[in-house]
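Combine both chains into one complex, guided by the hints.
Line by line, the protein sequences are chains A and B. Numbering that gives the first Met the number 0 puts the first residue of the first sequence at 0, with every later residue one more than the last. Numbering that gives the first Met the number 0 puts the first residue of the second sequence at 0, with every later residue one more than the last.
It is possible that some hints are incorrect.
Claimed, not checked - Rough simulated footprint, nothing fancy, chain A against chain B, three-plus residues with beta-carbon under 8 Å: (1) 18-25; (2) 35-46; (3) 70-78; (4) 168-175; (5) 187-194.
As the list claims (entries may be wrong) - Straight-line alpha carbon distances no greater than 25 Å define the calculated DMTMM-like cross-link-like pairs of lysine to aspartate or glutamate that follow: (6) A:60 - B:41; (7) A:60 - B:173; (8) A:60 - B:167; (9) A:215 - A:176; (10) A:215 - A:162; (11) A:163 - A:64; (12) A:215 - A:139; (13) A:60 - B:192.
Calculated directly from the structure, the hints in this document are not laboratory data. Owing to the predicted nature of the structure, the values given are computational and were not obtained by experimental measurement. Cβ coordinates follow ideal geometry from the N, Cα and C atoms, glycine included.
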Amino acid sequence: MTTDPMRTDIHALSGAYAVDALDDGERAEFERHLAGCPSCQAEVDDLREAAATMADVNAVKPPADLRSRVLADIRTVRPLPPVVERGTTHSSRVRRPWVTLAAAAAAVIVLAGAGGVVWHPWTSSTSQVSAVAQVQHAPDARQFTTHGPDGSTVTVYRSVSLDKAVVVARDLAAAPDGKVYQLWLQDPAGTMRPAGFLSAGASTSATLSGAAATAKGAGITVEPVGGSPAPTSNPVALVAFTP
Amino acid sequence: MNDLRPVPGGAPDEGAPPGPDLPALLQRSARGDESAFAQVYDAVSAKAYGMALRVVRDPAQAEEVVQESFLEVWRMAARYDAVRGSASAWILTIVHRRAVDRVRSAESATRREVAYHDRNQPVSHDETAEAATASLEARRVRSALASLTPVQREAVELSYLRGYTHTEIARMLDLPVGTAKTRIRDGLIRLRDTMGVGSVR
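Same shape as in the complex, but just chain B (with noise of 0.2 Å):
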């Protein structure tokens, strides 16, 4: 389901075990052509899916936060520049707008009739691990994450896979505001750094 994506800075080559060619059926899927954008679906659906749970939590809302966002992925298509970075980041940037901006309209609404309290229920990371260890991107990333600081790396998920603001992870850590910001760029920034990924301008 995760297929490998070429190895930054390498060509892609015919006989390896190739991941589709995502800007292509894009390109193809702003023309109209549904069977293309079905492959952009199969290639990229499980991450999307699979960081929609984290944020929102609940599985029927992040089927809803997918299906809303790949129309807008169909939608947008012809928008997708290559110049600004890979068509799955670009994918799974509105998704994940989509899930924090769904997260945190349920949450305003609700904080006004009840006391707020964790609410959060766990999402069952056995499933979530089962799905991802079969792929070698997947062990890449959690070592490369695994080079934050224990702050960053605490910082990065709380912001990127719990949808809180950076004001609101510095009042959870009892840290100064200003500080959770930084501790998200500089861990942005090593886990860019470690993975390669990033654009050569």
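This is chain A alone, in the form it adopts within the complex (with noise of 0.2 Å):
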């Protein structure tokens, strides 16, 4: 999987990504070859930079009392902590069945029932808008949430009418060096089914591919770069699709 023949296409993309130029999907991808190529992180890093200066010829003072709203908004919120390193335990992690996690999963459901999620107006722009949406906004739509230990929630959209499920997570922090976020869509047989994968980041989305109205359950891991074909750690996020 390190011979990716559209790499150096990909690597092209270092200067639309630093400024944000690039659509959705372009974004998903190029984000999953960043977590493992470390002369392009360095690169969107000082390509950033360069960009951020135009911001000094653009400064415009801002009204006065946005300053007051900002400071009353984060008296409300408690900064996350620190990343924690992950990577150093999942390495030497033993496989687990994801039965035993079963539990887990409908302690999570139950939270998402009761209270349903309260969706912060600072939650409301994401990187896939448009088919976030449309799942979101579909009459039968579901949603369950999860939220994990590092102060990142995830939430899964689903439409069994339109047959296609949308995970949002907020907070997500960066997956270990040669690590990514790898989704996966629990078949009806049980089987957990590679759906495709997430950046990290504040706030990202991604389309879970496959058979999205019958699977009985979603959940991410942390997988190689390239992904797996089946999961290898303990997922960080797991929800199971109630009725």
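Right under this line is the structure:
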């Protein structure tokens, strides 16, 4: 999987990525590439630095009351803790069957079912607005939310009528070097099927590929770049699709 | 409003007019220090607002973008990594992403109903220019931007300041697909080299 024929082409997207000039699909694809390409990551960091200098010549003093609103906002929110390296434990972790996680999944669903999710205004912008909105607004859309120990929030929306599921993540810490977040759909037989990838970040989303209407649940695991045919680590998020 | 930043490579000097030590302020913010965060806001908000205003154009929406972004900065402060770049670039990256997502989602909602037309309203550039003229940093950026070829500069500005994708830019400028992304990258590289920004890894 290291011999990606698109690799050189993908590398050339660094500039457009640095200024958010990629569409959703390209952005997700490039972020998967970035996870395993330190030289691209360094270039993106540099080019973002360069792009940010353009803000110097466009500075405009914001209205004074914006400051008070911002400072009022932060009083209600706790800063997230630093990212704890997860890679060290994952590599040595023994593979565990998904069955043992059923209880955890059930607990998650109780949470989601009880109060629903408070959808704060600042979570409204996501990177896949159209796909996410399409599923969210489907008449039969259901949402399933789980919170990670690092402060991340993962919500899966599924519409049976559209046969589509999307995942929206908040504050998902970067995967360890050489790893990516892989998505899974659990088929009716209980087997986890690869369903694509999710980028890390403050606000990310992805469409789960596969038979969403018949799936029993969805999950996210940390996998080597390129993905795995079956999960090799404990899920960072797991939801069961209850009727 | 636009505090001068230490010249890259030069050590911050106690006697010189200092820019605030943003990495340290972010570190304190991560521990819940609201007054440190207020200083971060004061140092970066004009750049953030001006940039958001260029991208989304509507002042009310630009304010929302900045408000949401700074809340995110507050929450994510512990995750700022000084090795990867300056604190202001990190913050502006968060603001830019939100501004671009905002303008694109608004447009995709509109496009479904009405035929696309250029609904961009002119931004008051006088106000923009006035606010920035005093800044020495701004003067350096202007001359750096002038060192880009006209086509590079056009591509860079259409992407960064207007929020278009490289594919849209290629179409707008009648370029083969793939050309716009190259111009953006080449332009940013030249800007980086002229400004002397970027890490020394």
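Going down the list of hints, with the structure as the test:
1. 18-25: Violated, because only 0 residues of the region 18-25 of chain B bring their Cβ atoms closer than 8 Å to Cβ atoms of chain A.
2. 35-46: Per the Cβ count (7), the hint holds.
3. 70-78: Per the Cβ count (8), the hint holds.
4. 168-175: n = 1 at 8 Å, threshold three: violated.
5. 187-194: holds (count 5)
6. A:60 - B:41: Status holds; Cα separation ~10 Å.
7. A:60 - B:173: violated (36 Å)
8. A:60 - B:167: violated (30 Å)
9. A:215 - A:176: violated (31 Å)
10. A:215 - A:162: Holds, at about 13 Å.
11. A:163 - A:64: Cα-Cα ~42 Å, so violated.
12. A:215 - A:139: Holds, at about 16 Å.
13. A:60 - B:192: The given pair, whose Cα atoms are some 28 Å apart, is violated under the 25 Å limit.
This entry does not satisfy hints 1, 4, 7, 8, 9, 11 and 13, going by the numbered hints stated previously.
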